[in-house]
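Undergrad: Residue strings, one per chain:
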Amino acid sequence: MTIVETGRALRERRFSVCELTKDTLDRIAQANPRLNAFITVTEESALARARELDEDFARGVDHGPLHGVPVAHKDAFYTKGVRTTAGTRILADFIPDQDADVVAKLRAAGTVMVGKANLHELCHGITSDNPHYGSVRNPWDIERIPGGSSGGSSALLAADLVPLATGTDTGGSIRIPAAYCGVVGLKPTYDRWSRRGVVPLAFSLDHVGPMTQTVRDAALAFGATAPENPEIKGLRIGVPENFFFDRLDPEVAAGVRRSVQVVAGLGAVASEVRVPDPDALNTVGRLIQLAEASTIWRRYRDRRADFGADVYALLQQGLLLPATDYIDAQRVRKMLAGDFARIWTSLDCLIAPVTAIPAPRIGEMTVQVNGSTEDVRLASTRLTRPFNVLGWPALALPCGLSKAGLPIGLQLVAPPNREDTLIRVGAALEDALAVQRHPRDRG
Amino acid sequence: MTDWASVAPAFLAPLEPRDKASVIEPLEKLERGFRALQAAVPFDQTPWNICAEE
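Sequence order for the protein chains is Z and V.
In short: position in the first sequence from 1, add 66, done, that's this note's numbering.
In short: position in the second sequence from 1, add 2, done, that's this note's numbering.
It is worth saying that the hints were derived from the structure and are not from the lab.
Accuracy of the hints is not assured; some may be wrong.
Which chain Z residues face chain V? A few, computed with CB under 10 angstroms, are given here [to be verified]: (1) Gln164; (2) Arg364; (3) Leu385.
Backbone N, C-alpha and C fix where the C-beta goes; we use that ideal spot for every residue, glycine too.
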């Protein structure tokens with residue numbers, strides 16, 4: 067059930083917040099052993115919060131479109147009195163004494179936290195194959211990864227266990243799991259949503275945003291209005307002619323190309339555009355992420371056994387980078403950002419795939435992309451990371467299913483602070499494409 | 003190109019022989035892509051502003 071549907075049902079008194087919360091917790095208890103999408107389920111506090119919200123409703127206090135909506139917070143968000151692990155053994159016993167800004171904001175808006183979602187350790191990876199809290203499973207095929215690092219969040223949405231989850235995105239960690247699970251993920255403009263109280267990975271690349279089942283729900287969670295009849299006539303949408311379509315699984319390419327035809331059919335002006343060098347953005351983005359992450363976690367460098375092997379290797383890489391390389395990467399970043407910004411003189415929005423492939427199998431280290439072998443991490447991040455480096459807002463949404471029944475995702479990208487454009491185009495596409503939102507067997 | 007293994011002690015990075023494939027090789031690859039970009043930066047180029055936050 068979506069946020070919009072939940073809100074309508076609550077206001078028609080078809081069920082109470084308490085009834086909705088109990089039903090949600092029952093379904094989680096049934097499905098989570100299969101999906102492993104939660105690290106912690108907060109049953110008691112959820113029911114207490116639900117009672118408060120029913121009382122508010124009874125005395126005429128309506129907190130708005132998120133009133134009574136169950137939410138799962140990625141376990142990187144501080145939650146007062148509730149363990150926050152960031153998916154690492156290092157923080158296995160960390161209980162924050164305050165909420166993250168976003169958690170507090172969503173609570174004040176009437177949400178009911180039902181638990182903390184599993185993730186890739188430290189948000190430093192894209193598989194959510196967590197060595198300490200278990201692998202998250204993709205509801206579309208439980209032998210496959212849900213993507214990451216916000217993989218628990220996306221799995222819960224795809225399985226229709228919650229209508230709202232939170233995520234963080236440093237190199238694609240909202241958009242990649244959204245694409246692999248067929249849900250919606252909004253990475254807002256850098257700094258648009260507060261990072262206070264979110265376990266950091268890389269300060270200058272970390273973005274915080276909502277994940278939902280539909281674009282309209284993402285708009286509501288973001289605090290915007292959900293467009294009823296989105297109009298995109300005349301909107302200038304760029305389709306990158308270089309890099310973003312160069313090495314793709316053919317079904318991913320076909321799905322995104324079909325969506326370009328759809329937006330053109332709705333009256334948008336779609337045109338091919340040559341973008342500056344996204345590969346350079348990936349290089350400096352990876353270097354910056356390695357250095358910043360290791361700055362944060364270096365104090366634990368002597369506890370090798372307490373980290374997953376993949377994450378520890380990344381922390382070691384970051385430790386080796388000299389300060390001068392890091393600063394130069396930030397200087398290259400600024401130089402490239404100036405080059406990229408020029409594309410907005412003739413465009414309102416870009417459209418591109420999120421990942422080069424549909425969801426890989428759990429444990430797969432390499433994949434075949436159009437006949438060549440590629441590291442799963444690179445095939446997943448090379449199309450998303452450039453927009454972390456630039457700080458631009460990006461919205462991931464499903465655009466179809468592969469022949470194997472796996473979701474295919476596209477991303478829309480806009481200039482800074484133009485999330486409204488993303489929501490408008492995303493909602494129009496969602497209506498026109500009418501992609502199946504959940505697997506038939508919801509786990 | 004940097005000999006990452008030999009500089010590790012100076013950086014207090016606890017490297018072991020088994021880390022060659024998971025640490026040294028990825029860094030060498032990253033460095034290959036980065037040095038040309040680094041060389042192209044004008045000397046007076048300022049860094050991206052990370053002080054804008056919070």
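Undergrad: Any CB of chain V closer than 10 angstroms to the CB of Arg364 (chain Z)?
TA: Nearest chain V Cβ about 8 angstroms off; hint holds.
Undergrad: Tell me if the interface restraint on Gln164 (chain Z) is satisfied: Cβ within less than 10 angstroms of some Cβ in chain V.
TA: With a closest approach of 15 angstroms, the Gln164 (chain Z) hint is violated.
Undergrad: Identify whether the interface hint at Leu385 (chain Z) stands, where standing means a beta carbon of chain V within less than 10 angstroms of its own.
TA: holds, 4 angstroms
Comparing the model with each numbered hint stated earlier shows that hint 1 is the single one that does not hold.
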